[in-house]
Amino acid sequence: MIVLQNAIDAISLGAIYALAALGIGLIFSIMRLINFAHGELIMVGGFMLYGLAGQPYIVMALAAILVVSILALGMERLAFRPLRRANPATLLIASFAVSYLVQHIVLITFGARPMGVDFMAQLGESVDIGGLRVPRLQIATIIVTLALMGGLALFFRRSRVGVQMRAAAEDFTMARLVGVRANLVFAVAFAISGVLASIVSLYLVTQTGSVSYKMGVSMVLIAFVASVIGGMGSLTGAALGGFLVGIVSVSLQAYLPVDMRPYRDAFVFLLFIAFLLWRPQGLLVRRADRERV
Amino acid sequence: MALAHFSSEPKPLQTAGVLLGLLALVVAVSLFMPPALQRTVVEALIKLTVVIGLYIFVGNSGVFSFGHVAFMALGGYISAVLTIAPAKKAVALNLPPFLEALQLPGGVALLIAIAAAGLIALLVALPLVRLRGIALPMATFALLVITHVVASNWQAVTGGRQALVGLPRYTDLWVAAAGAAVSLIVAALFGMTRHGLALRCSRENEVAAAATGIDISRERLIAFVLSAIIVAIGGVLFGHFLGTMTANTFYLDLTFVTLTMLVIGGMRSLTGACVGVALVSTVSQLFRSIERGVSFGDLTISAPAGLQEIVLAAILLAILILRPHGLVGDWEVTLPLAGQDKKKEI
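Chains as they are written, first to last, in our numbering: chain A, 21 to 313; chain B, 408 to 753.
Isolated chain B, as found in the complex (with noise of 0.2 Å):
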């Protein structure tokens, strides 16, 4: 019994279960809200399957990366060339024939951009992962700028400083859902192996990891290849979901957006990753209907475009300076029963 006390120790699958409970519920509620708010519903999923997807290199390294969002311009773009019409694509892009002729199912689009930005993110991790201290996180937001310079300016395949329009918009709330509940199993798995297991002792100590035989730069590499898949998932999802693929979509507030998602909830764990995709889309929500204006009774009062920008990033200053390792810190989610048997036997 002395060990009583670690009643909290880490249940990763009832952690995962009792989260893709909570998804199946957010699931539930918003089959019943008006598609407005239905639409934000979706957004959010995808806002998840994206902030899950950083948290398996992020989350799990204590490496921050700014380039991420470059994978999910990544898979985006991928998938808008292999799925738009090619009456379309002849107007608005100068592919080669055979890319321009290509119209391929949803599905199959998904596979291929999986399978391009896992190659992709394994050449670029390959160099970077040998970076130690502020270098890595530098190094990963030069990724982002290359990638916005290009996607801004490759008129030919992504159409520029225009919008790539004509994707079609298959992402509603079941495929949303799907896309978050992938990644959350992605996710609380790979905490699992060894190679999760490895890469969090790095994050508590790299040089102790590494006299332990850890070798730090192929775990990270692995993470970094499994977040960008998760990450270029979302992306796909994000494109087929608005419609339209536009570069400026995918840059520094979409980053920052993210980031601030999984720092405020609790970058150490999952369900921090969680509450906070929760929590900063439902403020984000509330000033959104707020910016539209608010009526009491005959007064409508509504807020300046731009309020809810600025009430995100006052809230992610005061976690930082009040609860450093976010909302949740270590906490995982459990079942609370299972919880109070424990404790029942001290």
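Chain A with its partners taken away, still in its complex shape (with noise of 0.2 Å):
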């Protein structure tokens, strides 16, 4: 029974970094972006909802969406567009600055100190599935997170602007050539990365009932954490690396000596070098991705 519990508590936890995860691989994969600043796409989302609480809820999720998109997009014209033949590193940095800037942005505005936020708290409670107590709020997150991944699937299946992506991320040159508008797939990039954001805010905030300036920050972390090991740029990589993380995450709340418990993340992130030192590439490789010289 422990074991099956664990299991729900892991594929929920596993879909929630998942989703973290696609935000970013979605970026890395056309513009080699590790981008830092996804987490802040996140902290604006939670904040968006403390703005507007008392409102229904589905208006205050719809803003989120909404306004972490049009941040997204704003990001990219900003800052990313201008840098857009920069090396991964110098993307890496400016990321860097970009969350640190909106961080404080938002520091000044609200102040430092986490502040309640009521929003779907209902989703709290838990429901009897055969003598196990599951949270409405982890079926709804694993509900929630296949329905996007087949959206998305879709998406980048059948629609036009979908394939042009996938060929972006192929080889950007060549599909340039083709007549693929590059700003128009960037720009779709970083608002599917802005509403994927404004989801996991959307769980942060229902979850913790509260809201802070860093609190985009340790979700972003683990992102980069699944995305690296799904394979940067794999967008299906990225959905395994989330859902592997979630697991090996809830197994070391699970199985760790008590003393211990507290140094969970410390040993997620030993893994994760671990797994660097065995497979630097990742779980599934782009052919694209190979070196070349």
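Hints listed in this document are in silico derivations from the structure and should not be mistaken for laboratory results. A portion of the hints provided could be inaccurate.
[Said to hold, decoys possible] Residues from chain B that face chain A, not an exhaustive set, calculated with beta carbons under 10 Å:
| # | residue |
| --- | --- |
| 1 | Leu530 |
| 2 | Pro534 |
| 3 | Arg537 |
| 4 | Trp561 |
| 5 | Val564 |
| 6 | Ile722 |
| 7 | Leu724 |
[What the hints assert, rightly or not] Chain B residues, not near chain A, derived (Cβ > 12 Å throughout):
| # | residue |
| --- | --- |
| 8 | Leu444 |
| 9 | Val448 |
| 10 | Ala585 |
| 11 | Leu669 |
| 12 | Gly704 |
Note that beta-carbon positions come from the ideal geometry of N, C-alpha and C, so glycine has one too.
Combine the two chains into a complex, taking the hints into account.
Rendered as structure tokens:
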């Protein structure tokens, strides 16, 4: 029974990690940017919910999704578009700067203290499924994640822009030569990553009931790990990596000796380093990413 | 005379000399400053030590490291445990008896911290330097997170989430200047060795460097250990400057600030590292005083706290977009007269 309970925990946590990792992996696949500022998208989504507290939940949620997507587009336009030709390390530093910038703008506006938000608190209640106490939030998370992934898969296979994005991810120069509009592809990628980030904020705010200007940081670090494990640039890999990290985190939480549990994240990152040494290219490698000389 | 246009050929010793001279000038000027401002200079000199340490690896290899602040924490905590008075340690920590009774002079503790940081850097980097591409920076990121988690939870040794207080505050202007001078000299000398040269070669073209017989992993290992040692010295000085150690001090914010200093000045040159520290420290201090409030007659205007971070991030972004190699690029400062002589020969 406990094993089953842990399995459900692992899958729902993994689902959230997968969403966060997908947002990062999507941007990386197209422009080689490891977007540290993705955490700030998540954080701003949380603050939108805080600002609209008291409105109907659906209004709060839609407003958060909309604003975060616009913010993502703004980041692309102002910071990352001029750096499109820069190397990955420079891009990472730039995203660090964007993240720091947004964090401190929020800090100036709202202060450093975490603030409580009432958002779908009743999702915290559990339902009884065959003797298992499963929080509704976990069920909702799993369903939403699966729906989003299905939607994304359809989008990338069926829609015109989706196919263009896959082409751009495969070989950007070649894609442009055959008429893919770079700006459109980038904009759509950032908008989607904004939507994914805002879904993660909905989850975080529902789960913790509070927002703070640093709330995105730990999530983005985990998402880094997940997307690198999956294979940077592979979207299936990012989702896979997210679930994997969720499973590992929950297992460590459940099976580490009690006095070692505070160090859970240290173990997660230690395993991450070990994984890098074993398979630095990640689980799934895209053909386009193999090093060419 | 055909080679005359190479008059900007590197003269690392001269560069180090000029930078040391500038350092002495800063120290001389700040002797006449009010104590509060002097503390800012001391802090800037400690940051200079750290950023130069960072430059030894990042600048020469071209590989970003997000994990060097972990070595600051390491140095600081080792020195803290070795220098805090036993009575205080008995209250705050839970150390083995011999460590609790131990109270060493600052210098001895510094040497032990250096040795420990070097050893740990060696053990950590030995596997990591085999990584290529973006994997190595990501692994150093993991290093930072691991160190932070351990530092904020290892109640018995680091004090956990509470600040560890009672470090002898021996870092004054002279000590900080000495730290900065040592790191400058070490960085300049390392740049002149074949290891520094080989590493910079690999920075320009990894494949070509490997093809000429450069063992990139080995050169990166050497630079990583050396730079971790210098950064650890910076951490020790920082701990004994603040008088306290807190796990959160040595995390993402400090990583961001030190990397910003390096990138803004220009990570490809020692001069750039110094310029970056000077510029960022000046801007920080400027905005810190604006945040405290500026009086125009009766009117006092004060900016909200956090403004300096926003300005720094904006500057960094602007530099990355407009001058990707930093303010000075590849330029190294040399004596102006020595350069002119050559130009006249043409």
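Checked hints:
1. Because the closest C-beta pair between Leu530 of chain B and chain A is about 12 Å apart, greater than 10 Å, the hint is violated.
2. At its closest, the beta carbon of Pro534 of chain B sits 5 Å from a beta carbon of chain A; the interface hint therefore holds under the 10 Å criterion.
3. Among the interface hints, the one on Arg537 of chain B holds; its C-beta lies about 7 Å from the nearest C-beta in chain A, closer than the 10 Å criterion.
4. Residue-level restraint check for Trp561 of chain B holds (minimum Cβ-Cβ distance to chain A is 8 Å; threshold 10 Å).
5. At about 13 Å, the closest approach between the beta carbon of Val564 of chain B and any beta carbon in chain A exceeds 10 Å, and the interface hint on this residue is violated.
6. Checking Ile722 of chain B against chain A by beta carbon gives a least distance of about 9 Å; that is within 10 Å, so the hint holds.
7. The beta carbon of Leu724 of chain B is positioned within 10 Å of a beta carbon in chain A (closest approach about 5 Å), and the interface hint is therefore held.
8. Every Cβ of chain A is farther than 12 Å from the Cβ of Leu444 of chain B; the closest lies at roughly 24 Å, confirming the non-interface assignment.
9. No beta-carbon of chain A comes within 12 Å of the beta-carbon of Val448 of chain B; the shortest separation is about 24 Å.
10. With a least beta-carbon separation of about 31 Å from chain A, Ala585 of chain B lies farther than 12 Å from that chain, consistent with its non-interface assignment.
11. The beta carbon of Leu669 of chain B sits about 10 Å from the closest Cβ of chain A, which is not more than 12 Å, so the claim that it is off the interface is violated.
12. Distance to chain A confirms Gly704 of chain B as a non-interface residue, since its nearest Cβ pair spans about 26 Å, more than 12 Å.
Comparing the model with each earlier hint shows violations of hints 1, 5, 11; every other hint is respected.
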